[in-house]
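With the hints as a guide, bring both chains together as one complex.
Given next are the chains, with one letter for each unit.
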Amino acid sequence: MIKQRELVIVGGGPAGMAAALSAYKNGVKDILILERDEYLGGILNQCIHPGFGIDYFKEILTGPEYARRFINKLEQVPRIEVSLRSFVVDLTKDKVLTFLKPGSFNRIKAKALIMATGCREKTREMVHIPGTRPAGIFSAGLAQKMINIEGLIPGKKVVIVGSGDIGLIMARRFVLEGAQVKAVIEIQKQSQGLLRNVVQCVQDYNIPFFCQHKISKIHGNSRVEKVSVVKVDKNFKTVANTEFEIECDSILISVGLIPENELIEMAGVKIDKNTNTPVYKGLNKTSIKGLFVCGNSYKVYDIVDSVSSDSEKAGQSAAEYLKRGKK
Amino acid sequence: MKIYDVIIIGAGVVGTAIARELSRYELKTAVLEKEIEPAFGVSKSNSGIIHPGTQNHCNSLKGRLCVEGNKLMRGIAHELGVDFKEVGELIVVFNKKDIPRLIKLKEEAEKLGVPKIQIVGRGWLKEHEPNLSKKAIAALYAPTAGILSPYRLVYDMIENAQNNGVEVYAQQEVIQIKPSKIRGSKKQGYFEIITSSKRKFKTKYIINSAGLFADDISKLAGIDDFKIKPRKGEEFILDKKKEHITNHLLFPLPAKKSKGVLIIKTSAGNPMIGPTACDCVDKYDLSTTDAGLKKVLSSVKRMIPSISHKDIIAYFAGLRPAAGEDFIIRHEDKVPGFINVAGIQSPGLTAAPAIALMACAILRQQGVNLKKKKIFHKTREKTTHLFEMPFSHTEKIIKEDPDYGDIVCRCEMVSAKEIKEAIKRGAKTLDGIKFRTRAQAGRCHGSFCTCRILKILAENSKRPITQITKKGAGSEIVLEKRCND
Ligand SMILES: Cc1cc2nc3c(=O)[nH]c(=O)nc-3n(C[C@H](O)[C@H](O)[C@H](O)COP(=O)(O)OP(=O)(O)OC[C@H]3O[C@@H](n4cnc5c(N)ncnc54)[C@H](O)[C@@H]3O)c2cc1C
Ligand SMILES: Cc1cc2nc3c(=O)[nH]c(=O)nc-3n(C[C@H](O)[C@H](O)[C@H](O)COP(=O)(O)OP(=O)(O)OC[C@H]3O[C@@H](n4cnc5c(N)ncnc54)[C@H](O)[C@@H]3O)c2cc1C
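Chains as they are written, first to last, in our numbering: chain A, 1 to 327; chain B, 1001 to 1485.
Just chain B, with the same shape it has in the complex (with noise of 0.2 Å):
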């Protein structure tokens, strides 16, 4: 049986930056995920900010990942040809008596390294944000926060490794790890990892990146020291055609265990407002619940008054996967060649890239040769989207190749021809292809495209139409068919 170099459990933002990061070394990688694509955990759910490190404490190891991290995105983004966009956040106060508070996030801020803060006033805001609430006197200003899209992060990250020959398997859920010792020797030797459908995997260092089952993954390992308590968060998007609502990020002075609710700004244009954060029990409970909307509403509306119920289109909830206050990071002694990358609760999209460069200096500590390939191919050819390009561009590319003339979802304006790119490039579900392509994502949910895209994904990856899902296994949408074509 092969035996790898390093197993990494779990295909969030996380595990695939640290994929792509370890693509770069002679190494023998792959990747493990439970469910059937990438991106299905945690990193679909989120705010898809790029903090810029404000609101953490400057002793915090999150806080220095994630003002690093915020560097480092920017390099990543633009070898893979995501979007990222530098739109600023803005921390905003209503009362003469929170600004010694401002000042203090802003001293902690500069502490951690967080570059070109500034307090701005009454007037600044006025002209930079003339949507915001008359009420709000001053704002903590942090010009490098940035946006982009969570999932689209990940699918390009993990294109990448690939391509760079890290290995994937998807539905591959991780239910037992065997430390072996070679014999007669202190030295460690291998773990054996077993999967629920019966798949054996041998590798010489583990790093569990589970998101919400990093602490399942870590008992499995032998290491139960601490817990993962998700906290969830609901989020509302609006119509695209609020745009421009708002021209930062705008966020409310920190609440204790959350940043509070916020108006964000996100990379497919569409406003969002949100997260709550609620201490929760069960891993699996993404429902959104009438009392978080209401809570979202009430505090968004003292920002920006003019947010109306009516303009939402969308809503989704996610679980931090915290455990603790900070990150953990860090090989596990009792359990040689282990490292647990666990409690990745925001920022941890942010953080990822410098989380990936932890990973590597951990495992280079542990005496593992990092040894760079000859070569590596940092870039990937950046995915066509009609929607972000302008109508010249669209003449040209309908004249090279017609699909993109067949417009399949009408409120995203999404091609035919970029849903089967997308399938090529790896979507299997309809998530899969929202996530990549926006297709369905849009004021009508789906109920124009749904059928379309079920019949192009049916067709182009050879199944029937019956077995194609949302979200893997399970959630089929179509229980019978009764027509031949």
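Next comes chain A alone, as it looks inside the complex (with noise of 0.2 Å):
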């Protein structure tokens, strides 16, 4: 027999933090996170940077104080198991989950799911810069992980690609390190970013900034060398005799993120393709009854604030679910 529970929530993060206190404030009382890593906090762990929390706490705080808060109000409540290194693997659409852990294997059957995966970045590949493949390509976030978490420095002379806050953060980021940002490209005519980044993580640095260019070819076979960069106009073509190139060691790629929904779509939820996202009316939902998504991987949100009070509406629906069950 697989063992069944009342509410599982899948993801450690602030969305899954903040949906299981709340289904547990709306009477909840067996609940299970699962998170992959070997602590709660999800993608804030790495954001070392002020800025968070100013709506929902009115107080400026950095990615882990703001995790911090959460995680020490789940503490609080023994009905919220929390079993870290739990690497969901299957989902069906009866909500019988498959998790691995260090050495166990596991299935669990949930009367209610909450989804709170979070969001993966795009690719070099997604976005097709021709060129070459050798090492110094990193995702913003893989280089915000290995500077802020593993005290490793990727990169002394850095491109970045794509002008999101990721990206606009880890410019400054690569100047407090002592590396030299090269240069910010930004396909778009305007940044992508929020304005108090573009400001704060750029201009006062006086990294040059192209907005409407782009890389047209990587260049070097063992680490990056250079890259050939032009301009394009309104509709993304390039403008002829426009080229020329920024010496550099590696590239930051930051254009954009996409939902992680592998594993409702594995289970036949209705995933829009272009998004990534669950299709269904009203937050959090999906097509699959008392299965919901919340945080980042019901949509991209910009601030983390904004992840929080959704997800905690996640956390209501699915009590609200369950009550309706009993009955």
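In case anyone wonders, no lab produced these hints; they're calculated from the structure. Glycine included, every Cβ here is placed at the ideal spot set by N, Cα and C. Just so you know, not all the hints are guaranteed correct.
Stated by the list, open to error - Once the Cα atoms are required to be at most 20 Å apart in a straight line, the calculated DMTMM-like pairs of lysine to aspartate or glutamate come out as:
#, chain 1, residue 1, chain 2, residue 2
1, B, Lys1240, A, Glu125
2, A, Lys273, B, Glu1243
3, A, Lys101, B, Glu1400
4, B, Lys1242, A, Asp90
5, B, Lys1256, B, Glu1325
6, B, Lys1310, A, Asp90
As the list claims (entries may be wrong) - From the derived model, a few chain A residues whose C-beta atoms are all more than 10 Å from chain B:
#, residue
7, Met1
8, Tyr39
9, Ala183
10, Lys226
What the hints assert, rightly or not - Selected chain A positions facing chain B (Cβ under 10 Å, derived; list incomplete):
#, residue
11, Gly27
12, Leu32
13, Phe105
14, Pro130
15, Arg133
16, Lys145
17, Lys182
Listed below in structure tokens is the structure:
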């Protein structure tokens, strides 16, 4: 017999934690959080810059500080069980989850399920940057993890592709680590990130910022050596005779996020092919009853404060669903 | 100094197939490879198709070796635990006027001995290949076409060869070959090979299977009558979610210099589209281009209209080492003891086992005594991959070894145990790990697992993390380490 749990939450980032706390507040007394990492907090752990919590806590916190507030609350609720290093690898439409832990293979059935699995970053391949494939090409999030969590410097002369918030924040981060940020290259007319990040992370450090430009070729066989850059028009077509080169040893790719929804897709939830998000009416809801999605896997949020408040609603919805089932 | 009987230059699929074949015999054999790991040349970037032998001229050497290789490959794959899937191929036509060409291809293939081929019509196609364009009217069906992972084949062959006594020396770029005669005799003596790291090797026979650089090696030995002209092929890998977009390998009618742009099934499940075919000069130019992407997309959409550029998760380019139209496999009588196995363009992966037999036959002709070893380990223990086993089995092996439950790569479901096992079996680089285990080869492209793999590699190979590379010296990932553990 497969063990059954009232509410299972996959993902222990800000979304999963907020959903768990809110479900508990709304009467669910058997909650299990499955988190594949060694700690709770999700992507916030590597976001050591300030700028979190302005809406939710009316304070300026760093990512880990923001996460800590939720972890502290969770620790006070013994009814919420947290299982770390627990990697969910399979999900069925009946909400049967398979998860692996070092040393154990586990299968459980959830009466209600909240998926809070976050995002992954788009890759160089998804935006088709031509050229070679040497060492030195990193997604911005990977570079952030290397520097902030592992203490490893992946580049000294950096070109950043894309001006979303992660790219902008990493521009400053590299400068603070003594690296040279040669350019931020954005194909659109203006930055894709928050204005405060453009000012505080790029302008304040005099980092060259090229809008309406793109990388036309990556050079280097072993390690990145340089990039060719061209101007583009408003239809993203290359403008002739505008090519120039920038010498660098690394390229950070920061061209957007994609919600991680492969598990619910596996279970048969209807997914929008363009955004990789569930298609259904109503916040956090999906085409499978009792299966909710919240946080960055529901849609890509700009700030974590809105992730927390929307995810609380997911916890509430799950609680209501379970109550209805009991009647 | 030790004198080898045979030294093979180049650890691609050809060199390793020869090494494995020679390891059956009482010979002192070594393989010299310039890269840090085997399979880092042409053999890592191809379509992974075990061709049935169609699309070859019926009098060509490559055609004959392809048909023979297709047969032999099944046995080798079975013995070494490499997954070989016989998926079959379809050469599709859209125009009535092309049917005669299809018939001609069939006749040529039959002359070469390609088994079980037939021409199938619209009805058959509709049933067996439902996503194929309605405009496709007929196809030549060759059911013996197969797929496998080309690098795993190389790694498993070299591992087995080593297990049978073959010595492998990586990072040994051959830069000089000195033939020498035995003094006072007309008989051949031995060669002295010098590598970039100043190591010297002595051998009675040399087999040159240096891929793109086979002309340079041949020149070092004094034979300068062919040139390798690289022909670039760009390939684009699609998301595994599209695994069942086709049931067969789909080919258009062959182009002049290539088999055309294909829709490929790969052993990992991800479909692949490509390759282009474009002559180039630079043997190191593995760059992909916008033009290549456009060409590939427009060609394959003609066959499967639903393929979209959004499905692409990875791409690469490979260079076919072409020296004219056909393979060059021969003993060079002007330099006794020197055997060229050059110009091994497509279908070199398929033909490799047959090429190996041919190389042995040449050695025998030259008077080498090929005496079978008393003990030859023809099998090897199959590598474990979580992603290809049912969960019931996963459960069992996690109980036996907890590391199988420690997932490192989320997209392809690769555990810490598989990574450590790959290192034990010879992986030294991030690419080496990727080729062996598929970790970093999925849709997130290593964003999630790179840090962990770096740490496991550093720890298990007892090297500082700053020395871990993507694919050998110069491709270090981490430029500086700031903190101590
Ligand atoms: C670099 C960066 C900078 C940012 N800067 C700011 C900022 O300045 N201000 C701000 O307000 N917001 C910022 N954000 C946004 C904010 O961090 C995110 O909106 C928020 O973290 C999303 O929360 P989440 O819980 O949905 O996802 P995540 O934090 O990604 O959490 C998802 C969790 O699910 C787990 N998981 C996923 N799949 C599985 C599985 N199969 N099994 C088990 N567990 C799984 C993951 O390990 C992870 O812990 C930033 C984000 C990034 C990436
Ligand atoms: C895009 C593309 C698609 C293809 N698709 C298919 C297919 O589907 N099916 C098929 O059958 N074939 C296919 N092929 C052909 C196939 O890949 C090749 O024929 C085969 O890999 C050649 O193997 P090799 O061992 O000769 O060359 P390589 O793999 O290049 O091996 C040669 C080795 O020699 C080493 N070397 C070079 N110089 C020196 C030196 N001086 N000292 C020491 N070592 C040296 C190199 O580093 C290399 O490792 C394809 C080729 C391409 C490019």
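Quiz item: Hint by hint, which ones does the structure fall short of?
Solution: Result: hints 6, 11, 12, 17 break, sorted rising.
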